[in-house]
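Peer 1: The hints should help you fit chain B onto chain A, whose structure is shown.
Number of protein chains: 2
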Amino acid sequence: MVKQRPYNFSAGPAAIPEEVLEQAAAEMLDWHGCGMSVMEMSHRGPQFESIIAQAEADLRELLQIPEDYAVLFMQGGAIAENAIVPLNLSRGAKADYVVTGSWSQKSQQEARKYCDVHLSASAHDDQGYGSIPDNAAWSIRPDAQYLHVCTNETIDGVEFHFVPDSRGVPLVADMSSHLLSRAVEVSRYACIYGGAQKNIGPAGLTLVIVRRDLLGHALPHCPSAFDYAVVAANHSMFNTPPTYAIYIAGLVLQWIKRQRFDGLEGLAAVEARNIAKAHLLYDALDASQLYETRLARDCRSRMNVPFHLRDTALNTAFLQGAEAAGLLQLKGHKSVGGMRASIYNAMPLEGVQALVNYLQDFEKRHG
Amino acid sequence: MVKQRPYNFSAGPAAIPEEVLEQAAAEMLDWHGCGMSVMEMSHRGPQFESIIAQAEADLRELLQIPEDYAVLFMQGGAIAENAIVPLNLSRGAKADYVVTGSWSQKSQQEARKYCDVHLSASAHDDQGYGSIPDNAAWSIRPDAQYLHVCTNETIDGVEFHFVPDSRGVPLVADMSSHLLSRAVEVSRYACIYGGAQKNIGPAGLTLVIVRRDLLGHALPHCPSAFDYAVVAANHSMFNTPPTYAIYIAGLVLQWIKRQRFDGLEGLAAVEARNIAKAHLLYDALDASQLYETRLARDCRSRMNVPFHLRDTALNTAFLQGAEAAGLLQLKGHKSVGGMRASIYNAMPLEGVQALVNYLQDFEKRHG
Numbered sequence: 002m003v004k005q006r007p008y009n010f011s012a013g014p015a016a017i018p019e020e021v022l023e024q025a026a027a028e029m030l031d032w033h034g035c036g037m038s039v040m041e042m043s044h045r046g047p048q049f050e051s052i053i054a055q056a057e058a059d060l061r062e063l064l065q066i067p068e069d070y071a072v073l074f075m076q077g078g079a080i081a082e083n084a085i086v087p088l089n090l091s092r093g094a095k096a097d098y099v100v101t102g103s104w105s106q107k108s109q110q111e112a113r114k115y116c117d118v119h120l121s122a123s124a125h126d127d128q129g130y131g132s133i134p135d136n137a138a139w140s141i142r143p144d145a146q147y148l149h150v151c152t153n154e155t156i157d158g159v160e161f162h163f164v165p166d167s168r169g170v171p172l173v174a175d176m177s178s179h180l181l182s183r184a185v186e187v188s189r190y191a192c193i194y195g196g197a198q199k200n201i202g203p204a205g206l207t208l209v210i211v212r213r214d215l216l217g218h219a220l221p222h223c224p225s226a227f228d229y230a231v232v233a234a235n236h237s238m239f240n241t242p243p244t245y246a247i248y249i250a251g252l253v254l255q256w257i258k259r260q261r262f263d264g265l266e267g268l269a270a271v272e273a274r275n276i277a278k279a280h281l282l283y284d285a286l287d288a289s290q291l292y293e294t295r296l297a298r299d300c301r302s303r304m305n306v307p308f309h310l311r312d313t314a315l316n317t318a319f320l321q322g323a324e325a326a327g328l329l330q331l332k333g334h335k336s337v338g339g340m341r342a343s344i345y346n347a348m349p350l351e352g353v354q355a356l357v358n359y360l361q362d363f364e365k366r367h368g
Numbered sequence: 002m003v004k005q006r007p008y009n010f011s012a013g014p015a016a017i018p019e020e021v022l023e024q025a026a027a028e029m030l031d032w033h034g035c036g037m038s039v040m041e042m043s044h045r046g047p048q049f050e051s052i053i054a055q056a057e058a059d060l061r062e063l064l065q066i067p068e069d070y071a072v073l074f075m076q077g078g079a080i081a082e083n084a085i086v087p088l089n090l091s092r093g094a095k096a097d098y099v100v101t102g103s104w105s106q107k108s109q110q111e112a113r114k115y116c117d118v119h120l121s122a123s124a125h126d127d128q129g130y131g132s133i134p135d136n137a138a139w140s141i142r143p144d145a146q147y148l149h150v151c152t153n154e155t156i157d158g159v160e161f162h163f164v165p166d167s168r169g170v171p172l173v174a175d176m177s178s179h180l181l182s183r184a185v186e187v188s189r190y191a192c193i194y195g196g197a198q199k200n201i202g203p204a205g206l207t208l209v210i211v212r213r214d215l216l217g218h219a220l221p222h223c224p225s226a227f228d229y230a231v232v233a234a235n236h237s238m239f240n241t242p243p244t245y246a247i248y249i250a251g252l253v254l255q256w257i258k259r260q261r262f263d264g265l266e267g268l269a270a271v272e273a274r275n276i277a278k279a280h281l282l283y284d285a286l287d288a289s290q291l292y293e294t295r296l297a298r299d300c301r302s303r304m305n306v307p308f309h310l311r312d313t314a315l316n317t318a319f320l321q322g323a324e325a326a327g328l329l330q331l332k333g334h335k336s337v338g339g340m341r342a343s344i345y346n347a348m349p350l351e352g353v354q355a356l357v358n359y360l361q362d363f364e365k366r367h368g
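In the order they appear, the protein sequences are chains A and B.
Just so we're aligned, residue 2 is where the first sequence starts under this note's numbering, counting upward by one.
Just so we're aligned, residue 2 is where the second sequence starts under this note's numbering, counting upward by one.
In isolation and in its complexed conformation, chain A is listed as follows (with noise of 0.2 Å):
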């Protein structure tokens, strides 16, 4: 037994369910007794066919994806996807793009290469990102080959808690940050992407569920490898796919089907644990006289929380005094500055109630 682990705030790659890691340690060298770690069995064997198939099974069944969806196991992380989703999306046409925050103002600066981009919404202010433009007043072009929103901004941590009205235009949504914390209408989308390092697995796996309509229109330079249509023709294995992150993505699919709180099941039970831990930290933070967020209270995330000391001069002990606490990662992004506590599923109310103790416990020491 290992002892009491710290709690790990990192916005990603993030912390892993201990159940999991406990469990790929104990079949590192011998996956269910074919004496090979998942690490060294082709991908084309019968027992990572299994483990794909598996882990493709249990996505679809936790986010009741429909049939006429592919699910693809990609690399390169969200940043990759803002020229993949154009390479594929856009017909070198039109794309409209919704500005709430760093990840989709990176998105569609990429996708600018590669289209027609046209800002239907940004809510950049003096004060940086902390709101979601009136959905109503969106300027969306009826004719764009889609609508890109980022669902979840990691940075900012500024999160949709309702579905777009794209008005019929296809919506692309980077839910990289907060995809399996909660329960999606997946048939409201055309394409979900999402890097696995938050809440799915390690870095280096990324994950697509795109409509089988929408694919095979790919721009001619995009890389096969990049291609939708070829990726879910070959069943995600054109090339050999990041096998080991698929594995541990596989495991923590499982964890999450394992969940249980409040009476709820599965995803049920990991949305409405997440929505008791963002309660209870945005709840201490709005109490309090020493810390501050900047964040519009209807789109404040559940999965990354930044907040500020009023008294900036605090923060180096704050972080000190955090870690000795066991409490690690909580440094604010540099473009934000301040703290960030990224609270995803694998981090439990116990992590969250102990960074909340120990907010109060520092605003005692010096508010």
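Wrong hints could be hidden among the right ones.
The list cannot tell twin chains apart, which means a pair is met if one copy fits it or any two copies do.
To be verified - Listed next, the in silico SDA-like pairs over lysine to any residue satisfying Cα-Cα at most 20 Å (straight line):
#, residue 1, residue 2
1, K114, G93
2, K107, H236
3, K107, S225
4, K107, P134
5, K335, G46
6, K114, F239
7, K365, N316
Quick caveat, the hints were computed from the structure, so don't treat them as lab data.
Peer 2: For chain B alone, kept in the frame of chain A given last:
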């Protein structure tokens, strides 16, 4: 202690040194007392920064990589590089390719999306691939941006045991399946790349070693995440790198440095052992009436040894008996048929001896 593990002859993903797997399992929940798994670390934190820096330093030491070469940790494998290389190095102009097997064939095919491709030589005949055309007879365009070779063909078992003369044209090599199996004169190449999943680590990591003066000429539609200049300027952190795969690769590099064989150390020891392993296996095949290998003697791969049973009706019995003897994944690639023994760095001499014993025993029973 685990019992004796079977010998894994997979072409890749492939065997990882047992010591590495044991260390990875032991460190899974807590890397060096930091309280986190390597999977859970921010890629920008001090712990992972030290891991990637050490991996790069060890790679530079083992391959004696000159300072004017960048080392890039990328994603997508060699198949993605088939596009990424011309996107970065062709300038949309001329690029020459030598085809000596299935992989270089794929490379030249993909490159046609991006530039004017010319086949400098092709080794395909009615037997498939199994030789390297005389270097002096290659048709190399003097104004080609680069000449591309695959220095070890994983499927066909054709390995370059010399550095090709490219007549002043920058030489680009896919070394996926023999990088780190032997010394390389890096300075004679403009760019070397390879997927990690043969001799280096898990699938999902691609190594690129590229001369810095060639960077900065990516085509306009090159995704930023795959622009060598962008990746280099960001020390492989433009997008989140595959952190756990890099960690495992780092452990493998340390393992290579610890190797001793025949009075030699490190990569020289690994290379000498690989030569001894290859001799042992080819000598057994050459001495047999039951098995045959169709490869020219001067280009027989030390890493991937395709061979055939002259009586293909025995294939199933051969593979079943091998598995029962603890010799896994010997089935040949579907495009070549027969058998293939991949004997990468992590395959001990004892594993090859066990295979030879089985070959001889099987021949006695069925010859």
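Peer 1: Which numbered conditions among the earlier hints are violated in the structure presented, ordered from lowest to highest?
Peer 2: none
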